[in-house]
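Chemist: Sequence:
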Amino acid sequence: MIVSTALVGLLVTSTSISALVKQRTIAEQGVSDQIEKLHGKDYDKIPISAIPTTQAFTGVNGEDLGVEATMSTQITYASANVPGSAGTGADQKKVIVKITRDTDGKVLAQATTMLAPKKRPSQTTATISAQVIDVGNNAVVPGVEVDLGTGPSAPVSDVTDSGGKVTFPGLTPNPTSGSQAYYDLSVVPPPGYVALSDTVSPNAPAHVQLSPTQWWSTALDIYQPVTIGIALQNPDTTPYTGNATVTITSPRPSPSGTTKAFSYTGTPLTITTLAPPSGELLVPNINYTLQVTAPGYQTVNDSGTVPSGSYPTSLTRTFTETMNALPLGTLNVTVTAKHNSTTLTCKNAPVQVTGGPASVNLTLNTDATTGAPASFTPLVPDSTYTVKATSTPASLTKTLTNQTVNPGPTATALTVDLGSAHNSC
1 MIVSTALVGL LVTSTSISAL VKQRTIAEQG VSDQIEKLHG KDYDKIPISA
51 IPTTQAFTGV NGEDLGVEAT MSTQITYASA NVPGSAGTGA DQKKVIVKIT
101 RDTDGKVLAQ ATTMLAPKKR PSQTTATISA QVIDVGNNAV VPGVEVDLGT
151 GPSAPVSDVT DSGGKVTFPG LTPNPTSGSQ AYYDLSVVPP PGYVALSDTV
201 SPNAPAHVQL SPTQWWSTAL DIYQPVTIGI ALQNPDTTPY TGNATVTITS
251 PRPSPSGTTK AFSYTGTPLT ITTLAPPSGE LLVPNINYTL QVTAPGYQTV
301 NDSGTVPSGS YPTSLTRTFT ETMNALPLGT LNVTVTAKHN STTLTCKNAP
351 VQVTGGPASV NLTLNTDATT GAPASFTPLV PDSTYTVKAT STPASLTKTL
401 TNQTVNPGPT ATALTVDLGS AHNSC
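Residue 1 is where the sequence shown starts when you use my numbering, and the numbers rise one by one after that.
In case anyone wonders, no lab produced these hints; they're calculated from the structure. Warning: the hint list may mix true and false statements.
Claimed, not checked - Cut-off 16 Å, straight-line C-alpha distance, at most; resulting in silico cross-link-like pairs (EDC-like, lysine to aspartate or glutamate):
hint, residue 1, residue 2
1, 165, 221
2, 98, 184
3, 106, 28
Being a predicted model, the structure only gives us computed values, none of them experimental.
Given the sequences, and given the hints that come with them, work out the whole structure.
Modeler: Here's what the structure looks like:
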């Protein structure tokens, strides 16, 4: 039994190695055949494939591989690297063929070859190389379409490779003026993404005038927009149902402004942009600041990076802010008038106070004996009121608008001067 067990293990290992050797031999023949097919094609008709094209591989020349496998073929441009020659980036085409076993991803065979055109490419053409980056996490984005929309060699389109790069080689240099004086790149964002514009110089990252043999590189930024939520609450954590003004500020430069005020009307806000309609959507992983103001309440200031979780798994952040009421205030109103050069204090003068967040309508008289102020309390501070004073004997009236009251406990003093009186007020 001991000897048999050892022999069985040896037999299993030998069979496994034999199977792998057979698979590799057949795979190497398959890779070689694929390369020979490409060598036999017209150079100009061999498509560039920044993302490898794949097909099932089962065997070659009637021999079955015995396992499920995939053949991938990637074709990119490459320079010939000839000493003394200008690099166009499109002198040759680089071909990588690989056969991988599906069960475990093991590479059974791989080969690389260079395909050269029948004619030597022009040494006066230029090249554009672009990389698409997700600014939310600074990661490259493969499989994104990039379009070259203007210029002598346009239109041209390609798709970014596994490194997020795309290359447009062999481009005719731009004339110095006219409709083809510039090449312009644009990215077609994948679902859920938008392109990030350079709000200071909108065409800067994708707008270039190429000279002969120039190799120009740039980055095209995309991102998944984020959302800011605003929820206001009372000190006891119940929802705040009053009105307020919420101001959001972004650190990004923008011709349409970096700050926008929103009206809070008792229900939480959802904010996706600070720009006018169709403007830039909120960019992830930058610090936004907010301020909340409401009559009679302390001003709230806060800031934070959006989103609150890990981008792009999380795309939102909700700021929950507590509204703390200011201490109620008192308004003391003194009524005066002038007779000749003497200032008179009006006694028993009716004073009316209206307005404020509660739309009050209060009337009191100054003291009938001393003319001491009419005292109005409690009033909501940092709110505007209209104060109207009247002197009945002299028939004088004056109204002051936009009068504010300071938070308590110190009263706000206000004097209403009715103007000239004959002998009393």
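Chemist: Each hint: holds or not?
Modeler: Hints and how they fare:
For the suggested pair residue 165 and residue 221, the alpha carbons sit about 12 Å apart, so the restraint of at most 16 Å is met. For the proposed pair residue 98 and residue 184, the alpha carbon gap of about 35 Å is over 16 Å, so the pair is violated. A distance of roughly 14 Å separates the Cα atoms of residue 106 and residue 28; the hinted pair therefore holds under the 16 Å criterion.
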